[in-house]
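Taken in sequence, the protein lines are chains B and U. Residue numbers 1 to 165, in our numbering, belong to the letters of the first sequence in order. Residue numbers 166 to 566, in our numbering, belong to the letters of the second sequence in order.
It is worth saying that the hints were derived from the structure and are not from the lab. Take these hints with a grain of salt, some might be off.
Simulated crosslink set (DSBU-like; lysine-lysine; CA at most 35 Å straight-line) [to be verified]:
#	chain 1	residue 1	chain 2	residue 2
1	U	K418	B	K94
2	B	K93	U	K269
3	U	K438	B	K94
4	U	K315	U	K269
5	B	K94	U	K521
6	U	K225	B	K100
7	U	K418	U	K438
8	B	K34	B	K100
9	B	K34	U	K230
10	U	K269	U	K486
11	B	K157	U	K486
12	U	K225	B	K94
13	B	K94	U	K376
14	B	K100	B	K14
15	B	K34	U	K269
16	B	K93	U	K418
With beta-carbon atoms standing in for the labels, derived distance ranges [unchecked claim]:
#	chain 1	residue 1	chain 2	residue 2	range
17	B	E79	U	L451	52 to 60 Å
18	U	P410	B	D9	28 to 36 Å
19	U	M325	B	K157	27 to 35 Å
20	U	G298	B	R46	45 to 53 Å
21	B	Q12	U	I184	52 to 60 Å
C-beta atoms are modelled at their ideal positions from N, C-alpha and C, and glycine is treated no differently.
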Amino acid sequence: MPLSPAITDLEQLKGHPAVARLLAWKPGVVQSVKFDRDEMTINLDRSDLRAACALLRDDPECLFNFLSDITCVDWYPAEPRFEMVYHLLSIPKKERVRLKVRLESASPVIESLVPVWAGANYFEREVFDLFGIRFTGHPYLRRLLMPEDWEGHPLRKDYPVEGYR
Amino acid sequence: MAHLTPTPVLEPGQDRTMILNMGPQHPSTHGVLRVLLEIDGETVVRIMPDIGFLHTGIEKTCEAKFYQQVVPLTDRIDYLCPMTNNLCYVLAVEKLLGLEIPPKAQWMRVLMNELTRINSHLVWLGTHAMDIGALTVFLYCFREREEILKMFEMISGQRMMSSYFRVGGISLEPPLGFFDRVKQFAGYFPSKVDEYENLLTGNPIWGMRTKGVARMTAEDAIALGASGPTLRGSGVDIDLRRDMPYSGYENFKFNVPVAQEGDVFARYMCRVKELRESTSIVRQALDGMPEGPVKADAPGIVLPDREKMKTQMEALIYHFKIITEGFAVPAGEVYQAVESPRGEMGYYVVSDGTAKPYRVHMRAACLANLQTLPTMCEGGLIADVVAAIGSIDIVLGEIDR
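Using the sequences and the accompanying hints, generate a full structural model.
The structure is reproduced here in structure tokens:
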């Protein structure tokens, strides 16, 4: 299957249930969309994330009821530096969607998704631990994998692979 | 719901309760899981898993390697199902490249994956039964596992860290006699599953230790991100092999065992039935194994055959370039999920157009499954904690990465 070019035109992708639902909720909420390699990506603003997730979880057309994964990508030295990536799965509809939020390096803060999915707990702690993103409203935001007294966030691109010696 | 408002700092507030530390060297924690328990007599009031003892920074290491060099690292994440990890990673990279895989390679991948699933479930069954006190099952399970490990050694040269899959196919043609050996194994294995079931399923002691223990509802399981048999044991019917097929799984017919009770016994039954289903998939893969090459025709990406490399100039150049410079992958990102023995294993690979991945993230099924432990155990007996940990089938290598 040779690669076909990515679709980034919002008009063409309006038919996707998640995009349609989000646009019906708040017209300006979708910053940009991308359909590439059979995967749907929706870029949102950080202030809309939690409400958008709750909406996509409960809407009968979407039913993205399962939070597959939360992770982060560091685009250092570009700004906005951090890209939070959320993968949602709809168990009844067998569909996936990816939500993304870009965060400035000056304030890597975003709403926690624990009130929407309790399972976001460990994923967010891991991102906090390895990238230093802060999640407001997280019940227990502490390091998960690294030791409590570790300095720095290892998965940031300005952290050397072999660590600080 | 207790899990929505976790208050995990364990302080012995009243003198009724005491704090008990379990692990990280406790034999029933399957590796290096540490669990903090607040107990009131024999009853668990609160439970808090503590992880990270096996963190090796694999995600960071991946960013410094070529795409093909990441394959051996993926083995070490979940060391009980190395080929599932291999598969998930190579599928993700192939999706990034837009690479088509020959049918024989796809069927070999399915065959090896199902053998891996049997292997992983055998280790789970043996250790889980041993935790609860049934020592014999362990010896029986490891007898059959040994045969699978010998098959892995035959095909890849390694018993455990097989690294058998490559971007673009599989590393080697299966050796002569391999299929006969698998066929023989698939022939007698169901009778061995009968043996395990004779020991456990109808056993009243096993029933008392597992039925009604560590219950979890379907809503809690979905909210907590549980997947695989941990989710199906609570009555949610999803299996990525059937529902979102990859690597040619749409050509196979199999049932997805689901149980409604949501207790340790339900999860046990799901996995034991999966042993039989996997054997059936192995048989189908053997019967329908297509002929043809096992590597894609992509000279700049797949290493040339040894014979060609030594006789043709062009093949030698490609060989040299792949080894020294890797191969560039078009920019983009992919999330590929497969059904590992433990649940949804996902690889999120981001490429910036160079020969090294910009970011590789593994969605560890066990990490999410472990979050269900407080929901399962709080309010139960302390002896049931061991049964609950065994029933979610954790592998700490995957949790800590």
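Okay, the hints, checked on the actual structure:
1. Distance hint between K418 (chain U) and K94 (chain B) is fulfilled; the C-alpha atoms sit about 19 Å from each other, no more than 35 Å.
2. Between K93 (chain B) and K269 (chain U), the direct Cα distance comes to roughly 31 Å. Compliance with the 35 Å bound is thereby established for this hinted pair.
3. Our distance criterion of 35 Å between C-alpha atoms is met by K438 (chain U) and K94 (chain B), whose separation comes to about 23 Å.
4. Annotation: proposed proximity of K315 (chain U) to K269 (chain U) holds, straight-line Cα distance about 22 Å (limit 35 Å).
5. Proposed proximity of K94 (chain B) and K521 (chain U) is supported: the alpha carbons are some 31 Å apart, at most 35 Å.
6. Simply put, K225 (chain U) and K100 (chain B) have alpha-carbon atoms about 21 Å apart, close enough for the 35 Å limit, and the pair holds.
7. Taking the CA atoms of K418 (chain U) and K438 (chain U), the gap is about 15 Å. The hint holds against a cut of 35 Å.
8. Straight-line distance between C-alpha atoms of K34 (chain B) and K100 (chain B) comes to about 11 Å, which keeps the hinted pair within the 35 Å bound.
9. About 28 Å separates the Cα atoms of K34 (chain B) and K230 (chain U), which keeps this hinted pair within 35 Å; it holds.
10. A distance of roughly 27 Å separates the Cα atoms of K269 (chain U) and K486 (chain U); the hinted pair therefore holds under the 35 Å criterion.
11. A C-alpha spacing of about 27 Å is found between K157 (chain B) and K486 (chain U), which places the hinted pair at or below 35 Å, so the restraint holds.
12. Taking the CA atoms of K225 (chain U) and K94 (chain B), the gap is near 31 Å; set against the 35 Å cutoff, the hint holds.
13. At most 35 Å may separate the alpha-carbon atoms for a hinted pair to count; K94 (chain B) and K376 (chain U) meet this at roughly 31 Å.
14. With a C-alpha separation of about 17 Å, the suggested pairing of K100 (chain B) with K14 (chain B) holds against the 35 Å cut-off.
15. For the proposed pair K34 (chain B) and K269 (chain U), the alpha carbon gap of about 33 Å is at most 35 Å, so the pair holds.
16. At roughly 21 Å between alpha-carbon atoms, K93 (chain B) and K418 (chain U) fall within 35 Å of each other, so this suggested pair holds.
17. Range check, E79 (chain B) to L451 (chain U): Cβ separation about 55 Å, and the 52 to 60 Å hint holds.
18. At roughly 29 Å, the beta carbons of P410 (chain U) and D9 (chain B) sit within the given window of 28 to 36 Å.
19. For the hinted restraint 27 to 35 Å between M325 (chain U) and K157 (chain B), the CB-CB distance of approximately 33 Å keeps it satisfied.
20. A beta carbon spacing of about 51 Å between G298 (chain U) and R46 (chain B) agrees with the range 45 to 53 Å that was offered as a hint.
21. For the hinted restraint 52 to 60 Å between Q12 (chain B) and I184 (chain U), the CB-CB distance of approximately 58 Å keeps it satisfied.
The structure shown violates none of the earlier numbered hints.
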